[in-house]
Every structure is written in C-alpha cells, then in structure tokens.
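All residue numbers for the sequence shown refer to our numbering, where the first residue is 1 and numbers rise by one.
Check the hints yourself; a few may be wrong.
Stated by the list, open to error - Quick list of simulated restraints, FRET-style, between CB atoms:
| no. | residue 1 | residue 2 | range |
| --- | --- | --- | --- |
| 1 | Thr156 | His229 | 14 to 24 Å |
| 2 | Ala131 | His234 | 42 to 52 Å |
| 3 | Cys33 | Arg255 | 30 to 40 Å |
| 4 | Gly37 | Arg77 | 16 to 26 Å |
| 5 | Gly235 | Thr156 | 43 to 53 Å |
| 6 | Thr259 | Arg20 | 38 to 48 Å |
| 7 | Met1 | Leu157 | 46 to 56 Å |
| 8 | Ala152 | Asp275 | 17 to 27 Å |
| 9 | Gly106 | Arg40 | 20 to 30 Å |
| 10 | Gln63 | Ala305 | 22 to 32 Å |
To be verified - Taking lysine to aspartate or glutamate and the EDC-like style, the derived pairs with C-alpha atoms no more than 20 Å apart in a straight line are:
| no. | residue 1 | residue 2 |
| --- | --- | --- |
| 11 | Lys237 | Asp158 |
| 12 | Lys171 | Glu201 |
| 13 | Lys171 | Asp120 |
| 14 | Lys171 | Glu303 |
| 15 | Lys237 | Glu201 |
| 16 | Lys237 | Asp205 |
| 17 | Lys171 | Asp205 |
| 18 | Lys171 | Asp96 |
| 19 | Lys171 | Glu258 |
| 20 | Lys237 | Asp275 |
| 21 | Lys237 | Glu141 |
| 22 | Lys237 | Glu258 |
Simulated from the structure, these hints should not be mistaken for lab results. Beta carbons are placed, not taken as given, at the ideal position from N, Cα and C, and that holds for glycine.
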Amino acid sequence: MSLQIVAGSANPHLAARVARELGVEPAACEVACFPDGEIRPTVSGVRGGDVYVIQPTGRAVNQYLVELLFVLDACRRAGAERVTAVVPYFGYARQDRRTHAGESLGGRVVADLIRSAGADRLVVVDPHPAAFEAMCPIPVETLTAVPILAGALTPTLDDSVIVAPDLGAVKLAERYASELGLPVAFVRKTRISGTVVAADELIGDVRNRHAIIVDDMISTGGTVEAAAHLLAGHGAKPDLVIAATHGLLVGSVARRFETIHSRRLVVTDTVTPSDQVPIETISVSTLLADAVGRLYRAEPLDELAAYR
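Throw the hints in and build the complete structure from the sequences for me.
Okay, here's the thing in structure tokens:
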C-alpha cells in the first residue's frame, strides 16, 4: 500500500507540513460547497492506499466534523485500502459522560460516526478525558504534545511551579513537571456554566514563584482566568506563563486575557492559530508525521503516546 495524506479544510497548513515531512504530496481533495450549506467532497488518487485524513474538528466543530465524515466516506468510495482519521483536536471529547438525566453522550456519538464513515483507526493529540479511548469503537492512538511544549518553555526559572488549573489537568501537569524538573500545584474548581468557572482552592506552594499554568486546551479562558486570580491571591509572581495543546481561544477570551498578567501563552497548531490574543505557536507536524510514518511501517508508537 502507498502512503497517502488527505487534507481537510480545517487546518490545511498543518496537513501540508505533515505531508512535506513524510516526503509525499497530498492526494487531491476538493470540497464543493452549495448555497444551502451542503458540501460534497471528492477525493482521487487513493485507490489501494494507506490513507491518513488530517482534519481537526475545531473551532467550527460541526462544520469540520461533517466534512471529516464525508471525506472519510469519499476515501472509502475512491478505493482506499485502509483509512485513518487523524484528528489532532477532537471536538465533543469533553462530552464523555452525562451529568444530568436526558443528556446525550456526544463524544461517543462522534466516535461512532467516524467509524461508520469508514475510518479503521483514529489518531488524536491530548484529548480532554483520560478515558477517551474507552468510548471509541475503533483502535485509537493517543499522542501527546507535552514534550514539544515543555521544550518551548525551557529554560525555565528556578523558582517556577507547574499549576494544573483543575483536577482534570493534574496528570498532565505532573508530566510537565517531570519534563521540566519542577514542583506541582493544582486548583480545585467549580464549573458554573460553559463560560463561567469558580476557583475554590489551591493545593501547593506558589508564593513568590513564577507560575506556569498548563492544560490540554483553552477555549473561552474561563478556567485559566479563575486559576490566575487564585494564584495572585496566594502570592504567586504576576508574570504568568500559560501553555496548552489546543488553543481554541473563542468567545470572550480576549477580554479575559486582559485581566490575566501573562508574559507568554504557548499553544500548538492542532487548530488554526487564533488572532484573538497574542500567542506563540509550536507545530505538532513532526509529531504527527512521526506517528503516521510509524503506523504505515507497522512500528510501535509507545514513546509518542499520552499514556506514558
């Protein structure tokens, strides 16, 4: 089977960089758009191939999700031998469990749709839930961008501390701390709504330290804002560093970051970089190219995986 890269429209620059690092030309993929909003992708040149469709599903999550599903189906109908959905940012991953009766389980629905559309396998980067793989009906390769981001954060100051802005980010923070040789603190938060968060308690010593807040994603900035104010109240130095794999940076994020005294915001290009706030963008193209190359050659991905 020949190695084939198919780029969706969500982040074509990332897909092009991955293809370039693998030494291949992306297969032809055209997406026709109709006046009523319908789309019709057409893929060619993938017959008999080992195809990797690169399409994150954010920020316009529904639009890019539907496109991903149709492109996967188009690859199958064009005769691809094997199809892998490379979804660096997986929209709806946060809907991995129900919190109220009558709610849908959006993450599982999306995973089922990806399988039904023709994907044999799924590749994601730092998904939000720790048990993401358990809700997927096809094999999942879960990669992590932590070493890449940690490398961008060095050299760190000796008096720095890694901060998890909520309990869900503690394991992620511990991995950053291991990479950088720094202590960890974490915040207990209460989510009031989709955009409002209250930081309740800080566990760990941040007084007179430079805080580095780390998370898998920043959406509206509510979690980071609440953590930043709590850190300031506990005596942390004001010039925060913030690092996250997925920089969605939507909604009121610009206003929120005006209240946060941060000197750096570092994210990756799993989604197209935002212009809402000043950011430093680190590419995951090498990580994805390495993973795709190993999958194509049937080699292990252990050292790239998020579960290490």
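Cross-check of the supplied hints:
| no. | hint | in the structure |
| --- | --- | --- |
| 1 | Thr156 to His229: 14 to 24 Å | 23 Å, holds |
| 2 | Ala131 to His234: 42 to 52 Å | 31 Å, violated |
| 3 | Cys33 to Arg255: 30 to 40 Å | 32 Å, holds |
| 4 | Gly37 to Arg77: 16 to 26 Å | 22 Å, holds |
| 5 | Gly235 to Thr156: 43 to 53 Å | 19 Å, violated |
| 6 | Thr259 to Arg20: 38 to 48 Å | 40 Å, holds |
| 7 | Met1 to Leu157: 46 to 56 Å | 49 Å, holds |
| 8 | Ala152 to Asp275: 17 to 27 Å | 20 Å, holds |
| 9 | Gly106 to Arg40: 20 to 30 Å | 25 Å, holds |
| 10 | Gln63 to Ala305: 22 to 32 Å | 30 Å, holds |
| 11 | Lys237 to Asp158 | 13 Å, holds |
| 12 | Lys171 to Glu201 | 18 Å, holds |
| 13 | Lys171 to Asp120 | 29 Å, violated |
| 14 | Lys171 to Glu303 | 17 Å, holds |
| 15 | Lys237 to Glu201 | 18 Å, holds |
| 16 | Lys237 to Asp205 | 12 Å, holds |
| 17 | Lys171 to Asp205 | 18 Å, holds |
| 18 | Lys171 to Asp96 | 18 Å, holds |
| 19 | Lys171 to Glu258 | 28 Å, violated |
| 20 | Lys237 to Asp275 | 27 Å, violated |
| 21 | Lys237 to Glu141 | 38 Å, violated |
| 22 | Lys237 to Glu258 | 17 Å, holds |
Violation of the numbered hints given earlier is confined to hints 2, 5, 13, 19, 20, 21; the remaining hints are satisfied by the structure.
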